[in-house]
Amino acid sequence: MPLYCIIVTTFVQQGNGTMATGKIGWKAGGFLARLKRDQSGNVIAMTAAAVLPMIAVIGGAVDMSRIYMTRTRLQAACDAGVLAGRKAMTTLVYDTASQTRANNMFNYNYKAADYDANGTTFTHTADAQGKITGSASTNLPTVLMKIFGQTTTAINVTCGADLQIPNIDVVMVLDVTGSMNDCPDGNCDSPGEQRKIVSLRAAVKQFFTTLTSAVPVGSASQIRFGFVPYSQAVNGSDLFKVTPDASKGQLPLSHLMDVMPLQSRVANFNTPVSGGWIQDSSVTTQTYQQRFDKDVASTRQPFTAYSATETKISNNDCDRWGNFNSSFILDSVPLNVMLYPYEANTYSDNYGASELYLPDGSSVWQTSEPTSGPGYTKITFNRISGTWSDNSGADYSKYQRCIREVTRTKYKSASGFKFTNWTYKPVNYDVSQYKAGNAINFVSAINSNYTVATAGSYDLVQLRNLPDQSGLTADTATWDGCLEERKSIAQATFTPIPSGAYDLNFLLGGTDDNTRWRPILQDLAWIRSGPAEQTTTNNNSRPSYQCPSSKMRNLNVMTQTEVNTYADTLQPAGNTYLDVGMIWGLRLLAAQGMFASRNLAGANGGQISRHIIFLTDGEPVSSPTNYSAYAMEQMDKRITGSTGVAAATLHSRRFQAMCDAHRGAVSIWAIAFGTSVTGNLSTCADPDRAFQADNTTELNNAFSNIARDIADLRLVQ
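Position 515 of the sequence shown, counting from 1, maps to 503 under my numbering, and the rest follow consecutively.
It should be emphasised that the hints constitute simulated quantities derived from the structure, not laboratory data.
Watch out, some of these pointers could steer you wrong.
[To be verified] Between beta-carbon pairs, the in silico distance windows are: (1) Asp648 x Arg530: 36 to 42 Å; (2) Ala653 x Pro129: 47 to 53 Å; (3) Thr523 x Ala653: 21 to 27 Å; (4) Thr84 x Ala653: 41 to 47 Å; (5) Thr121 x Lys475: 35 to 41 Å; (6) Ala634 x Leu454: 42 to 48 Å.
Nothing here was measured: the structure is a model prediction, and the numbers come from that model.
C-beta atoms are modelled at their ideal positions from N, C-alpha and C, and glycine is treated no differently.
Model the full assembly from the supplied sequences, consistent with the hints where possible.
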């Protein structure tokens, strides 16, 4: 029954059930007057009067809900379409292929039949800068509102896709420990298998290619790359410079200590000596050459050519142990030293020795060292040419010569104090020039007869600076760039991180000796059994030490060639210290701290999306006799202290603390190569950002997936 019939019927049935024959009105006998007086059945009348508004409200709600859902879906399809079109552009020209891609993506996401819609359109264009703008429309039939004449609703949306990719900073923290020289399955003889370090180099190169290719043409986004190759230390020689370039993120050497403590040793000279000989360093040792030919003693001529009829010298005459007689003359005799005792009729026989001795105050050469006196001069002969040569260009067999080396050394009577023993203990060394690239001169060994004038203890550098070096083995050390961490606290837990653990603070620079780093000085380091000093005559062992040959590189824009060249420097050596790698990764990437001026905002003023890609092939390994970024655990105990916890366990906890320290501000991606991703790595990485790569293919896939995720576009509405 039509709605108006229902209303009329309702009014007819009001009151006493009869209908007045006159007009409906308010006069005394009219219908409305009677209705006013007779209130029976009014509920039915009011309900009937409310039907139309109720239908309008309900119909509007139903149809508005359908309109909202359709509009939302249409907007999503429009967004997806222009985004797909922008990604498909290989240049700034919006070509047919890109437009087709946009249309296909729109049609995939919006199907008009699902909403009983019709007349759907999707239009899109691009400007000269590659920005795409689009619009979509559709007509949606109404369900209930058609009662009131509203049969369809037109829905219109707009969308756009521009290259509003944030600036991207990526620091790759890469394991270059010794195990990276292995193959993922442990068998490098397998067909097609290659060492992990080789796979890593290739994956780094491919990562750069994938990431930069995923950013469409025309993007104003700046992409910077940084690298932290780590093992038991990191190499900072490209980060700390005498003349730093701030534009490259380099730091002045003032961030490194000038005087640093080192587990080393001192030589104790407490044993008095008297008698014997030591080299007189105040008289310069001279070495020169002596040239000979056949016997011309009567003329004492220097080396010249002679006729074929004269006697040739023998090979024995030129030999180191051969005769020393007047037939052998010098071209020149330094300091007027006379070397012809036979000619001077001092001896009637030939010398068979390689050394001669001239006691002070005497003009007579001897074949043995003097037993007393103030000193002597020693002459040493050494044949350096045993081949015969032709002087005149004539017959080779007739004209011959030879060359001997003559060394003159001065010795004096020994007195003072000789070496007693070593004390192994911490020693403070001046490294102000060492960190600048200059060599430290030191002594690596001492002759047991060496004496000093004053009793006492001498460190290895002090010994090298003594005037008499005759019984000392000289050596030099030059900084390889590896860093020992600054002050830390030996603690078992790191929630929260202790304020005094300056090594775990990745924001502070080196402003005092608590926060300054130390240039590793491995050549002067020695091992002992524990923290206590040790005095012994033994030569203790040196610590095991490895420094990554590949250097840390701060965040900078790089080319494919630069990345390829850098990746090829990666070489495996050393043990696994995960915390050292993560600490430096955060230092280079942090928006605040040492590099705030270049990290807080991109060069184009835009925001920066920050990412750490952390790769390792094993669990933390710490040896008590290694010289690492935390010195030597057996003596220094900078990590373990009195905690009773193994160093490797503490390094794992410190690693996790660093992963948690900047959660949210930095995206952390983790890759386990040839090992399980569970444990430290899975809890360190952000959700769904931990990968396990058991072979080269999976490693490449992990790096490529990360690169594509990092490079995703963001829509502009």
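Cross-check of the supplied hints:
{"no.": "1", "hint": "Asp648 x Arg530: 36 to 42 Å", "verdict": "holds (37 Å)"}
{"no.": "2", "hint": "Ala653 x Pro129: 47 to 53 Å", "verdict": "holds (50 Å)"}
{"no.": "3", "hint": "Thr523 x Ala653: 21 to 27 Å", "verdict": "violated (51 Å)"}
{"no.": "4", "hint": "Thr84 x Ala653: 41 to 47 Å", "verdict": "holds (43 Å)"}
{"no.": "5", "hint": "Thr121 x Lys475: 35 to 41 Å", "verdict": "violated (57 Å)"}
{"no.": "6", "hint": "Ala634 x Leu454: 42 to 48 Å", "verdict": "holds (43 Å)"}
Hint violations for this structure: numbers 3 and 5, all remaining hints satisfied.
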